[in-house]
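Colleague: Work the whole structure out from these sequences, hints included.
With the first letter of the sequence shown counted as 1, position 519 gets the number 519 in our numbering; the numbers rise by one all the way through.
Keep in mind the hints are simulated off the structure, nothing from the lab.
Cβ coordinates follow ideal geometry from the N, Cα and C atoms, glycine included.
You may find that some hints are simply not true.
[Claimed, not checked] Straight-line alpha carbon distances no greater than 35 Å define the calculated DSBU-like cross-link-like pairs of lysine-lysine that follow:
hint: 1; residue 1: Lys6; residue 2: Lys38
hint: 2; residue 1: Lys295; residue 2: Lys367
hint: 3; residue 1: Lys295; residue 2: Lys395
hint: 4; residue 1: Lys367; residue 2: Lys395
[Said to hold, decoys possible] Pairwise CB distance ranges (calculated):
hint: 5; residue 1: Asp206; residue 2: Pro104; range: 18 to 26 Å
hint: 6; residue 1: Val67; residue 2: Asp569; range: 30 to 38 Å
hint: 7; residue 1: Thr141; residue 2: Thr70; range: 26 to 34 Å
hint: 8; residue 1: Pro175; residue 2: Thr451; range: 39 to 47 Å
hint: 9; residue 1: Glu345; residue 2: Leu8; range: 58 to 66 Å
hint: 10; residue 1: Glu296; residue 2: Pro209; range: 20 to 28 Å
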Amino acid sequence: MSLTLKELFAQVDRASAVDTATTTRPRIGISVNRRDGKEMLADPYFQSVILAGGAPVLVPATTELSVLTTIVDGLDGLLLTGGGDISPDLLGETPHPSLEDVDPIRDTSELQLIRLAHQRGLPIFGICRGHQLINVAFGGTLYQDLPSQFPSPVLPHSQAEARDVITQSVTLTAPDSELQRAMGLDATTRTAPIPVNSLHHQAVRDLAPGFIATAEAPDGVNEAMEHPEYPILSVQWHPEWLATTGHEAMLNLFRHLVRRARRYAHARRLHHTMITLDSHTDTPMLFDAFDLGRKEGGRVNLPLMREGRLDAVVMAAYLPQGERNDEAHRRAFDYAVERLTRVEEQAIRYPDFLGIARSTDDLRRLKREGRRAIIPAVENGYAIGRDLSRLHAFKRMGVAYMTLCHNGDNELCDSAAGQGEWGGLSPFGREVVAEMNRIGMMIDVSHAADTTFDDLVSLSRRPIIASHSSCRALCDHRRNLDDDRIRALAATGGVMQICLYGGFINHDHPDGATLSDAVRHILHVIRLVGPNHVGIGSDFDGGGGLIGCQSAGEMIQITLRLLAEGLSDADIAKIWGGNFMRVMDAQRLPLA
1 MSLTLKELFA QVDRASAVDT ATTTRPRIGI SVNRRDGKEM LADPYFQSVI LAGGAPVLVP
61 ATTELSVLTT IVDGLDGLLL TGGGDISPDL LGETPHPSLE DVDPIRDTSE LQLIRLAHQR
121 GLPIFGICRG HQLINVAFGG TLYQDLPSQF PSPVLPHSQA EARDVITQSV TLTAPDSELQ
181 RAMGLDATTR TAPIPVNSLH HQAVRDLAPG FIATAEAPDG VNEAMEHPEY PILSVQWHPE
241 WLATTGHEAM LNLFRHLVRR ARRYAHARRL HHTMITLDSH TDTPMLFDAF DLGRKEGGRV
301 NLPLMREGRL DAVVMAAYLP QGERNDEAHR RAFDYAVERL TRVEEQAIRY PDFLGIARST
361 DDLRRLKREG RRAIIPAVEN GYAIGRDLSR LHAFKRMGVA YMTLCHNGDN ELCDSAAGQG
421 EWGGLSPFGR EVVAEMNRIG MMIDVSHAAD TTFDDLVSLS RRPIIASHSS CRALCDHRRN
481 LDDDRIRALA ATGGVMQICL YGGFINHDHP DGATLSDAVR HILHVIRLVG PNHVGIGSDF
541 DGGGGLIGCQ SAGEMIQITL RLLAEGLSDA DIAKIWGGNF MRVMDAQRLP LA
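Modeller: The following block contains the structure:
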């Protein structure tokens, strides 16, 4: 029955009324096909997204990056659809004689989409061609012509039957996969063949590094893959035609995408309101030939901070432990001053986008102004030698904290990597602690020996921090804090910022350490002392970077994981900056 114009507009107005029971649908970008100068999309794609609770947003096949960037910045998830063959030019291969129609414009546009979406941490779901394109984007290869290139005879994968007709089956190949959970399959049904359709000419050949194959056809052709640390999942068959005709497991795939997208939208809202702060980076080491406004070399810069929705970073002037004499100490101090000056210069270069924060008030002001913040720090008290006036000079430069030592004993204290020269704090180190308390500079125990830590806990009159440390109970490294010392740190009112350095996160597999490992460290601290004493200190550009969180551009992944663990918005805000800022503020209070 058709509506009059008045009835139609009244319907729209009723739908626009405030309804607290209505949940906003997450926006799912859907790539479109191209043919004969026309953009097109089969209805089941957007119908499946709507049935699953999402709001489909059709993305045109344009290669104009500014347009795609604007579109992606408004999305909560991305669906890559089926279509024609992918050009072998992307892989540096000669076209196979049986290669079918290719569309370089669509290839380019969708690869740009994948790159932009992944950089921002969006969940991505690929179907058929989308499955293959994700594999290419992350370093995998394809069979250009599956029937002739596969090492053994294959089943017919381009069915003549209607698209909603089941003609084949696939079997799950990875236990407890995200695909299994997404489809709603339990342990008893995961081994059973899954009925699917099949409509493809090309197929995944070599799986992209880091991905896991999760399903295959009876002939051995890859049918699904996922990444264990990023929200990326893809299938070779066409679930949209089955999802819209009553196949619940296929609709569940779209529900899974929408759930992930809803969580991403939640994370975006959180990042809009809370202050996100990384308490330790060594980026000033790169400043000799470095521009913070460009993506060049380092793991922290303005574009990456924008992509990862990271508001503030502590940039430390790092000093390796050197000779201990007056001249060496003078050189170390001069170098630290020069690095801190370079930090200031970066802020001066980009005044509309960046500022130096010397207080939590500065952090809040810069957040309101839409600018990123840098907090200066010094890593290694070696920089002051035996001269307290150098500590005062650092304070005047806005240094928020000083790490007492690095990998070696110095004039202040023993290091976790030292020889136990002082049995903890030196006599001069005790003077330094008292003076840091007096002038309101945070004391950082990262890299300190256990004996130094114990002296600090008993001596400091203000809360102390571990700007980039992790849990010894989970990774037995001398540099990490054991449970008793985590409790002692919390008892001072301090905060422990979990480090994203592989060797401090996963003792057995440091090169394969993942964000999942780091989240376990965060949760361990919460179980020990609650959510008020833990945060994040990446150690980016000083060795930090994990599979799943490689740079400032991927920091929103931490928020997504914490939401998935069931943490409240308030606790996530504490972890992301609130706890560290509380300790910053405590340095300004009158000493008892």
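Colleague: Against this structure, judge whether each hint is valid.
Modeller: We went through each hint and held it up to the structure:
no.	hint	verdict
1	Lys6 / Lys38	holds (33 Å)
2	Lys295 / Lys367	holds (22 Å)
3	Lys295 / Lys395	holds (30 Å)
4	Lys367 / Lys395	holds (23 Å)
5	Asp206 / Pro104: 18 to 26 Å	holds (22 Å)
6	Val67 / Asp569: 30 to 38 Å	holds (33 Å)
7	Thr141 / Thr70: 26 to 34 Å	holds (32 Å)
8	Pro175 / Thr451: 39 to 47 Å	holds (46 Å)
9	Glu345 / Leu8: 58 to 66 Å	holds (60 Å)
10	Glu296 / Pro209: 20 to 28 Å	holds (24 Å)
Against the hints set out earlier in the document, no violation occurs for any number.
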